[in-house]
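Residue numbers (this note's numbering), protein chains in the order written: chain A, 696 to 1008; chain B, 4 to 299; chain C, 13 to 173.
Watch out, some of these pointers could steer you wrong.
[What the hints assert, rightly or not] For each label pair, taking beta carbons as the anchor points, the in silico distance ranges come out as: (1) 70(C) - 840(A): 32 to 40 Å; (2) 873(A) - 183(B): 26 to 34 Å; (3) 114(C) - 817(A): 53 to 61 Å.
If you are wondering where the hints come from, they were derived from the structure by calculation, not from laboratory data. As the structure is a computational prediction, the values presented were derived from the model and not from experiment. C-beta atoms are modelled at their ideal positions from N, C-alpha and C, and glycine is treated no differently.
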Amino acid sequence: MDDYLIGVLSNIGVISFVALSAYLLLLTGEISFGQQAFFAIGAYAAGIATALWGWSLAAALVWGAAVSGGAALLVGVPTLRLHGLYFAIATLAFAEMVRILFELFRYQISIDGELIGPNGTDGFRNIRYIFDHNIDAFQFLLLIYSLLAAAMLGLLLLERSRLGVIFRMIGQDETLAELQGIPVARRKVLAAGIAGTLAGIGGGLYAHLTTYVEPRIFDIMLGVHSLAYGLIGGLGTAFGPLLGVLIDIGLLESIRALAGYRMIIFGGLVALLLIVRPRGLLDEMVVHKIGRGWRRVSLWARRSSLKPRGNSA
Amino acid sequence: MIDLVQNTLDGVMIGSSYGLLALGFTLIFGVMRRLDLAYGPSIMIGGYFGTVLYLYYGAGPLAVASAVVLGAVIAGIYVERLCFAPMKAGAAIASMVSSFAIWMQLEQAAILVLPRHTYPFPPLATVAPLEFGPFLVRVDHLIMLVCALALAAAVHLALYHTRFGLALRAIIGSPVAAHLVGINVRTAVLLTFAGASAVGGAAGFLVLAVDQQVTPMFGMWATLKGLIAMMIGGLGSVPGAVVGGLLLGIVEVNSQWYFGPQIRDLVAYVVLFAFLVVRPRGLLGRAPEPAMPPKA
Amino acid sequence: MGTAVKPETEGKQRLSDWRMAVKSATYVLATLAMLAPCGLENAHAQIRAKADVSCQPAEKLQYDCIIKLANARTSEPLSGLTLTVGADMPSMPAAHNMRPVKATEEQDKGTYRARIALEMYGDWALRLELSGTVRDRVVKLLRFESDRVGEATPAPGRHRH
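All chains should be modelled from the sequences, with the hints used to inform the complete structure.
Here it is, written out as structure tokens:
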């Protein structure tokens, strides 16, 4: 596999985490423009852990996820009262605050005569873990996708579990959910925490993938993009945001021939798509139909393998 | 003390353009209940129309202003037709994401046509700043303030003293009821978009003329400022938009004076966040209902 | 989902929620743990490279770049490496990036040349990927304009725009 393809696939994998993060919140009915803040927190935390404190990658990723998850829980509480547009703007404000705080954040240590660490607007360079430990690009790609697979597995199990149904119920109608005896506030904060953790894992991976992060990367564009991926790919299943990322980054890379017009074409395509499919490609209806079709097929398979018992069909 | 007053003066003048941006935003949000993320970029397109006129035809400020307004209106109508009109009633998020996609589209289109980082804009006034005792007032700032207040008054007049304004307020109150009374909601919405874009275009022209340049980042900047001012002043409130803008301007200029440009931006967001958490309705808005229609 | 949940079943169901959360967390941690050993080998410092980049505008949106690679510690020129140059726009990391081009080494040891084609003017982070005897990556932030290439100073707080 050539390096370029590995690079693109790694990008797809990492961005998928933020997309899944925004998707999870969308399930509970809240639009978040701010998941990039947790992506940033995860990136900086994990980067500091390996580059400044000498931790192992695994420990650093867990640390990054924990810090961003904790931050998400902290933010989730004061924003509980907010809905719809108000919540969305609050997340946007929060994310920009985090970004500006990183522009002011300076934490440098001298290692081997060189200053390493986040340096405000100059960013955080030399997160060189994968080079210092001889992890090649393909190995890191495997790491990204194993973590992504684990996260997807968790999300898919969640969807079929009671908690997943609770999230969707809250998304449909909060008052009704509350009347059913669901502690809506606690579940929403839980969703926020899980979403923040997801974004944080992605951030930690991103920092080590690119070895260089700066606050500019974590701007509103990233946030609205991650929201858009879920919406393009479909809100019916956790594969939706992945599909969205694939379409955006995959398409973005392949329409290189029309390099200068890429955004124009892509923007237009997205707008048209959303007219026809406002809940994305793999929306709930499609997923339901796929599920029904699958059940029919497996029922038919089972029936044809049973020995006929007398008169019964 | 003098600094504080000077900053507040400057803030009021700069804030007046924020107020205009917020005004356009509020009009669109009021009738649509949806957020148009392409609002700033459509104003930027207007700005690019204006700079082309200025750069290649040497036009004066009034002609450039008209070009900016025209460009903004054209872009605004394009956005409305593509992102808002065809969407079914409940697809609010889809509209928003669609407007975001168009934001990217407009930005890239502008960069394709005019690829440089910055383009010049004609100044509003070239005379020396006026002096009132120890305070300095830039003439172009003053012009901006006067124009902004005049425009805000005009919008207020249109909303409260014309039949179209009455129809708009009916739609803002309840689109269904307005439809039942015989108001052509779709046409009214289209016209509101055009009007809001025109107001935004005027605001954009004022800001760009004071800055004497237009950049591709202007779109995002305008959207953010308009959004923050609108939320602080109160969603859906016309006087709130103006007040929010003025307040934002004052806070910004003072923060920048005492703490620098990064803190300035930080303070703006902190104020916004604080308002949302403590008093989401803003200064003059109504108490928030579920701001967006039930999910779809 | 009809009636409200009885207290006993509520407790059981909350337990199953927790079980599920713990299960997912275990998957993630297990995966991480399995991959941790990958990182523990070769934990000694590799050769670090430093780069000196200067670019000149060639045709529209194309630039000729001369890159000098040296050992970061000893300043000895690094020759015979495979150098690929990629570019990302900091404000849009996944989009707007350039397909990496291979650089060719010049007569002077440690000096490489590459021609890059960008999508638009502005700040770009050049990604110099080294492979061969030395494996490293150096990132250089530069501002590419129509007539010159200079240092990129990430503007703090964007003076208004």
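Hint-by-hint comparison with the structure:
no. : hint                        : result
1   : 70(C) - 840(A): 32 to 40 Å  : holds, 39 Å
2   : 873(A) - 183(B): 26 to 34 Å : holds, 32 Å
3   : 114(C) - 817(A): 53 to 61 Å : violated, 29 Å
Against the hints set out earlier in the document, a violation occurs for number 3 only.
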